[in-house]
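*Asks:* Here our numbering = 1-based position in the sequence shown + 66.
Incorrect hints may have been included.
Claimed, not checked - Per label pair, the in silico range of CB-to-CB distance:
id, residue 1, residue 2, range
1, Ala111, Arg178, 20 to 26 Å
2, Gly113, Ala160, 20 to 26 Å
3, Val179, Thr142, 18 to 24 Å
Treat the hints as calculated values from the structure; they're not laboratory data.
C-beta atoms are modelled at their ideal positions from N, C-alpha and C, and glycine is treated no differently.
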Amino acid sequence: MTYDVRTATAGDASAPTQRIAVAERDAAIVGFASSGLPLDASDRATGAERQLYTLYVLAGHHGTGIGQQLLDAVVTAEDDTVLWVAKRNPRAQAFYRRNGFRFDGTVKPDDRVPTFLEARMVRIST
C-alpha cells in the first residue's frame, strides 16, 4: 500500500513547537498524529522536551507501517518524548515499546472519562 503523509509545523522553523501529520490513501484520511511541548509540569519533569499528543490509524490499516511513518513525522529519534497510552491498548503499547518508549509507572484517569485509565511512557536519550 502506498500512503501520502502530509506534515505541518507551527512555531520557530528550526524548532517547531507543534508538528502534525496526516496519512491519506486514495484521497481518504486513514491516520493522523500530532506532537508538541509537554502539557503539564509532571510530564516536563520526566526530562521530555516533546509530547506525542495523538497517533491514530484506522484499524484496516494497522500493520502497514503507516503508524511508524506518522510517528516519525511528528517525533524525531533525538526528541526526548513523553506520551500517554490507554492502559487497555496492548497493541499501541507494543508499538511504542518497539520505538524505545518505556512505562514510568504513572497511571491516571482520563479527564473526560474517569474510568478510562492512561499510562505514561517516556523515551529519554542517555
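*Asks:* Does each hint fit the structure? Answer for all of them.
*Replies:* How the hints compare with the structure:
Checked against the hint of 20 to 26 Å, the pair Ala111 and Arg178 passes, with Cβ atoms roughly 24 Å apart. Between Gly113 and Ala160 the beta carbons are some 23 Å apart, a value that agrees with the proposed interval 20 to 26 Å. Judged by the Cβ atoms, the range 18 to 24 Å given for Val179 and Thr142 is violated: they are separated by roughly 31 Å.
Of the numbered hints given earlier, the model fails hint 3 alone.
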